[in-house]
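Engineer: Sequence:
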Amino acid sequence: MQEQRQKVERLRLIRLGPFGQEQPGLFLGGSAHLLKGEQLPGGDYGESFFRAGGFRWLRERLETGAIWTEAAAATLRLGAPVARPSKLIAVGLNYAAHAAEVQMQAPERPILFMKASTSLSGPFDAIPLPLGAEKLDYEAELAVVIGREGIAIQAQEAAAYIAGYSILNDVSERAWQLERKGQWVKGKSYDGFAPMGPVLLEPARAAENERFEVRTWVNGKLRQEASTAQMLLDVPALIAEISSYMRLLPGDIIATGTPAGVGMGLQPPRFLRAGDRVRMQLSGLGEMEQEVRSVLPIS
Numbered sequence: 004m005q006e007q008r009q010k011v012e013r014l015r016l017i018r019l020g021p022f023g024q025e026q027p028g029l030f031l032g033g034s035a036h037l038l039k040g041e042q043l044p045g046g047d048y049g050e051s052f053f054r055a056g057g058f059r060w061l062r063e064r065l066e067t068g069a070i071w072t073e074a075a076a077a078t079l080r081l082g083a084p085v086a087r088p089s090k091l092i093a094v095g096l097n098y099a100a101h102a103a104e105v106q107m108q109a110p111e112r113p114i115l116f117m118k119a120s121t122s123l124s125g126p127f128d129a130i131p132l133p134l135g136a137e138k139l140d141y142e143a144e145l146a147v148v149i150g151r152e153g154i155a156i157q158a159q160e161a162a163a164y165i166a167g168y169s170i171l172n173d174v175s176e177r178a179w180q181l182e183r184k185g186q187w188v189k190g191k192s193y194d195g196f197a198p199m200g201p202v203l204l205e206p207a208r209a210a211e212n213e214r215f216e217v218r219t220w221v222n223g224k225l226r227q228e229a230s231t232a233q234m235l236l237d238v239p240a241l242i243a244e245i246s247s248y249m250r251l252l253p254g255d256i257i258a259t260g261t262p263a264g265v266g267m268g269l270q271p272p273r274f275l276r277a278g279d280r281v282r283m284q285l286s287g288l289g290e291m292e293q294e295v296r297s298v299l300p301i302s
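Counting from 1 along the sequence shown, just add 3 to a position and that's the residue number in our numbering.
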């Protein structure tokens with residue numbers, strides 16, 4: 004049954020369904036809803052959707068009734084709120100306290116690295132503990148999704164390139180990342196090393212640089228607590244810096260760095276083990292929780 008036309012302050016995009024078969028939806032009134040009616044550009048919340056206008060395109064059709072929503076079954080899995088990004092770019096050591104806890108110097112220019120887009124997973128999917136992994140760690144981060152194509156973007160213009168905000172857990176295997184030398188990507192890109200969600204939040208119209216409170220609990224104990232206001236480079240500055248080196252496409256994801264409190268930075272270090280539960284929360288973006296599970300050998 005078609006629901007009445009929607010008018011909401013800020014849209015929250017979600018994707019529902021089995022891995023690889025997710026359908027676009029919205030989080031409304033505290034529950035998940037699937038979209039019905041006119042098909043999205045590209046059929047999902049991916050590059051074509053954001054290139055066509057993203058939130059603005061969807062809002063117009065919700066208000067005219069061309070698209071409506073139906074309540075989704077509570078048993079449906081939540082996937083990452085963005086489909087098939089061309090790039091997942093991450094920022095290292097973007098909080099001074101985090102750099103200090105891992106005994107590294109805060110960089111003069113941001114450390115940038117890539118995570119494989121295949122590492123993206125849903126907000127409640129398990130975190131894999133791969134065979135041979137010794138030092139599995141968590142990193143709560145504000146994720147910024149790009150809404151417009153651009154290169155060499157100026158910081159004062161960057162707000163116009165933001166499609167929305169989400170939570171991302173930059174799962175890291177520290178032995179692979181650091182002890183095996185070379186690029187950090189080795190310890191950052193295993194399947195399931197980028198849980199994201201639960202929603203993609205539409206940016207506030209009046210705010211050019213929104214701030215979020217970040218918290219992480221491991222097995223119920225608070226490990227991380229900070230504000231994105233403490234980032235060394237804020238979101239507009241990061242977009243300007245990253246786009247000075249590469250073209251950003253609609254749907255690309257930027258993980259903006261993690262605050263202090265990661266397992267590697269504790270004394271002594273405390274890495275994740277099978278059965279551990281990691282819960283992350285960013286104010287206004289909801290929360291996500293994952294259980295760590297050992298990866299079984301392929302028979």
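These are calculated hints, taken from the structure and not from any lab test.
There's no promise every hint is true.
What the hints assert, rightly or not - The calculated lysine-lysine pairs, modelled on DSBU-like cross-linking and capped at a C-alpha distance of 30 Å, are: (1) 189 / 224; (2) 90 / 39; (3) 39 / 184; (4) 189 / 90; (5) 189 / 138; (6) 184 / 138; (7) 138 / 39; (8) 90 / 138.
Engineer: Now look at each hint and say whether the structure bears it out.
Structural biologist: Cross-check of the supplied hints:
| no. | hint | result |
| --- | --- | --- |
| 1 | 189 / 224 | 29 Å, holds |
| 2 | 90 / 39 | 29 Å, holds |
| 3 | 39 / 184 | 49 Å, violated |
| 4 | 189 / 90 | 16 Å, holds |
| 5 | 189 / 138 | 13 Å, holds |
| 6 | 184 / 138 | 15 Å, holds |
| 7 | 138 / 39 | 44 Å, violated |
| 8 | 90 / 138 | 25 Å, holds |
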